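Trainee: Each chain is listed here by its residues.
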Amino acid sequence: MISPYQNLEDRAFWRASVGRDDDAALAQLWSPKLGMDRATPLMTAGSCFAQHLHRALLRGGWAVLQGEDMSTHLPNRLCHRYGYNLFSARYGNVYTARQFRQLVEHALSDGPPPTLIWEKDNRYFDALRPAVEPEGLETPEQVRQARAEHMRALREVLEQAACIVLTLGLTECWIDRETGLALPTAPGTIAGRHDPERVFLHNFTHAEVIEDLRATRDLLAAHGLQARFLLTVSPVPLVATASGGHVGPASCYSKSVLRAACGELCMNDGDFDYFPAYEIITTAIAGGPYFDEHGRQPTEKGVQLVLKAFGLALGDDAGGPLQEASPPLSSIASDEETICEEILLEAFRK
Amino acid sequence: MMRVAIIGNSHVGAYLQAQAAIEAAFPTVELSFFALPRHSFSSCSLDDDGVLSAQERPAGGLPDRIDLSKMDHILMVGQGFGREGLDSLVQDFDVLGLAPQGHARSVSLPLVSEYTNFRVERYCRKLARFLHEDPRCVVAPRPFPTLDMPRWAREQGGWLDHPDAERLTAIWLDAVIWHMSRLKYGLMPQPASLVAAPGRSPAAYARAAALPEGQTPTAADFTHMNADYGFEHFSAYAQHWLGLAPQSRNTSPSKEHHNGLGPQ
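Chains as they are written, first to last, in full-length UniProt numbering: chain A, 1 to 350; chain B, 1 to 264.
The following block holds chain B by itself, in its conformation from the complex (with noise of 0.2 Å):
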């Protein structure tokens, strides 16, 4: 069997509903899952003997550790890499050379690079520090949020949002790409066929396509994704780095994760 821990965040929990399917689909792969407790990487410390330990107690029921020695392979998902700060600069400012977006105040277009290369970098040496430069390990940015997500939560959308996405996603991958480059972690951009616009996110995927019916939606479910795109990363992830290619299946991971097939 090859042993793949799935770690990170909240976005972890797309995997964790979609370990059946991938587990079929993937027979010679055994799925662990791990997710930092408040999302912190100053909340886990690696031991000298691999172990990756919870500092504080997780919240209710989530594992408190998890032996990496034993894993073959690590992928590390729902990492923002700064994005939140080209967020904030962008919700409060106009960017001089983009579409105007009615801010009182601008700011120059090579400031805003300078501040997402900065942010980058500083994101990019606490992954470094966090699991050792362990190149088993491929880093994920986290999701984009999906085409659907209304207004009311755009706030969780952030420069996504702007017109001019397409640029600013160029600027903020740029550096993802490059500093990561530096690193002797591997680095899993949003696949191509799970991007429906610039910085954006097929409708399909997002948690609010598979909730049940009558739950209604927060912001946060536009944010993180369902089973499906779980399985279509995960998928992704093993063509391109475990070369394992999935053996056919017929539902949808969100339908059998919600039928009570998904990890008990």
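Extracted from the complex, chain A is given alone in its bound form (with noise of 0.2 Å):
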């Protein structure tokens, strides 16, 4: 051999693999090392871009699980309103590694889920998912309520759960100093009051993402779950850095950290697979970048490609146009009335 790169495929090689977004070039995106099919019960968590990988997911007929199920009984609007059905259960984002850590805690713990209330004008929120009750609560003790059920649903969810798509968003994350807990806005923004001395921000290193992904998983698997983690990372940037520097930097790095804390996991852990979404949205290896006019949000040419590279890449052959969702409305699909001919029948034939 003359040299270590003589024959390797085509998908080694930048001008032979760059910029395409045919379905050989996409099926080459991903070497998948978990055994997975159409079959595999995935659960769908992360920040604001695994709302669309769960979309994307279900549209395209992936086994995805849904906890908390809303949508028989209420429009897709009013269940994303209100958190449900935008991920496998009602946790709504979850930007960071440690978020998700606690969030497996307080799910497969057998006490009472830890809960961090928030309140304004009188309402209450539950401070772990701010923006699952955009009005808030009339009481505290509904948000707690509201919590446990939400925790015995992701446990339900957990034990079907055979992979976990997780979207790592964020490394910046503020932290309650007295719970310790993860918080996924600071307080302030949608509810609650920042308050200096109650919560500090932090930016989560490298080590602590490997770390809080590794704990998670050795949870999961201390209770006989064997869930493995297919990790994507967010391709949305920050909307803003608290970090005291400029917010493009700022999530470059956190963008960086985030990818480099996968790849590590992926070479080294077998439970630890990473899916090129980032990619795919972020850079010309599908030809993309594909953003919006904002630069903010992905496309949804991006989304489907996405999607597309996902089922290609794991032998599927629908890995094509996507069908349109079609959601199980059945109990909202008609305001029309209780069918009662024969009471009107009968008043005619007196």
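None of these hints come from the bench; they were simulated from the model. None of the values given here were measured: they were computed from a predicted structure. Don't take each hint at face value.
[Claimed, not checked] Simulated DEER-style distance windows between Cβ atoms:
hint, chain 1, residue 1, chain 2, residue 2, range
1, A, R296, B, P150, 32 to 40 Å
2, B, D174, A, N122, 18 to 26 Å
3, A, K120, B, D174, 20 to 28 Å
4, B, A104, A, R177, 51 to 59 Å
5, B, D49, A, K120, 52 to 60 Å
6, A, K120, B, S248, 55 to 63 Å
7, A, N76, B, S45, 27 to 35 Å
8, A, R177, B, P163, 39 to 47 Å
9, A, N122, B, A197, 47 to 55 Å
The C-beta atom is built at its ideal place from N, Cα and C for all residues, glycine as well.
Mind docking these for me? Both chains are given alone in their own frames, and the hints should help you get the complex.
Mentor: Set out below in structure tokens:
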């Protein structure tokens, strides 16, 4: 052999493989190491990009677990406004590996789940998922009850999941000093008040991200749950940074840490795989980048390519054009009356 | 004569059975009736001449059209205003802040309110399209089930059977009043005199109370009213919307109907 690159496949070479979005090129973007097919129960969680994945996987016919399902009761708009059916359970956006770790810890704990409650205008919010009740609840007790129900539902999802599709979004995180709980958003953003005595900003390191993800896997295994992780990194940049720096470099740092942590886990740990959704959206590898005019949200085409690459890499022929979602809205499909034809007929017969 | 069309769904039956009594009490009123096939707005169309026609064959013997252009007033009865949505939500979930019903899952009251609002708004949009917001039209919600509705029929009663029915009823009715206020139709909520309790009609007005002896009532006989209700409801309508007071009568429209004095 003259060179170690001599007999490599096309995908190892930039010129031969980058910039193409045809099926053959997309199929080469990812070599799955976890055995998966359309029947594999998938759990989705993560930052807002995970919502795109959840929706796209559902549309694509993958076996996405849906805890706390409200699709048969509510229209999509209301489902989503109240945090239902955005992910595999109603946990809201999970931006950091620490958040996901604590979520799993709480769900698998036998005791009552820790609750951190924020107040705004006499309404009460679950600080660990403040957006799921946009109007808040009447009492702190209602928040605790809702959280307990959520944890039961989440535990059921975890017990069924064979693969957790976790999209990591941030390294910057606000931590509650008293409880040590990682918050999805700073107090004062949705509810609560920012008090530097009560919360502090932490920017997770590569080592911490890896530790949190491994600890989550270990915790699941300790409970006899065998779910493995398919990691992705959200291509959506930070909306703001509290680090004191410019949002651009801060965003790049976050994504780099997360991407490197995913890479290391993928290389060294059989329970973790990495799917390059981040690269498909943000780089030229599949003809991108695929961002909207504001340069922040991925375009629908980009999301479709992500799902297509996902399916094609798994040998799925149905990686082609996607079907529009057809949610089971049977119970809300009609406003018409209960059929009581015989009553009317009886009246006319008289 | 003042020509009044009573249109709607199976709830038209109560007025049809009371027709003779109504026309006797309101001698200047001439009634016409029309029921939508399958009780579906989409089963009918209103043409440019004001004729409302069934797009499909109505069930046996029912009129397949009514010329609304000849009517002075239109009373559209039995409208659900999305009540079914609230039914299904409350039947499957506890509502945080309301009396627990033993369901494994809860939803919040703001969600219940928003969903109710969504259903009512959607219903009102259909209503608006149906009669092109004809200002002659007054819309009456479906009557509440009667107070004596047995437990085995509770599925028909939905959230009206909830211990906090008053609060739920208020959420629904507020949404109905708000969305109907934006249409050119009139709205006639169930008159207080025909309400026995929050979300309940008096037992005496149930079809079940007027069934021939020996006939076993079904669940629908507690959600549909008899001729007495039809008469009283129309009287309230006539007084408020037509400016007419009833002439006195001595017998129950239900009895008149069963004695063969009803519409033939």
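Trainee: Look at each hint and say if it fits the structure.
Mentor: Hints, verified against the model:
no., hint, result
1, R296/A - P150/B: 32 to 40 Å, "58 Å, violated"
2, D174/B - N122/A: 18 to 26 Å, "21 Å, holds"
3, K120/A - D174/B: 20 to 28 Å, "24 Å, holds"
4, A104/B - R177/A: 51 to 59 Å, "35 Å, violated"
5, D49/B - K120/A: 52 to 60 Å, "57 Å, holds"
6, K120/A - S248/B: 55 to 63 Å, "60 Å, holds"
7, N76/A - S45/B: 27 to 35 Å, "30 Å, holds"
8, R177/A - P163/B: 39 to 47 Å, "42 Å, holds"
9, N122/A - A197/B: 47 to 55 Å, "31 Å, violated"
Checked against the numbered hints given earlier, this structure breaks hints 1, 4 and 9; the rest are met.
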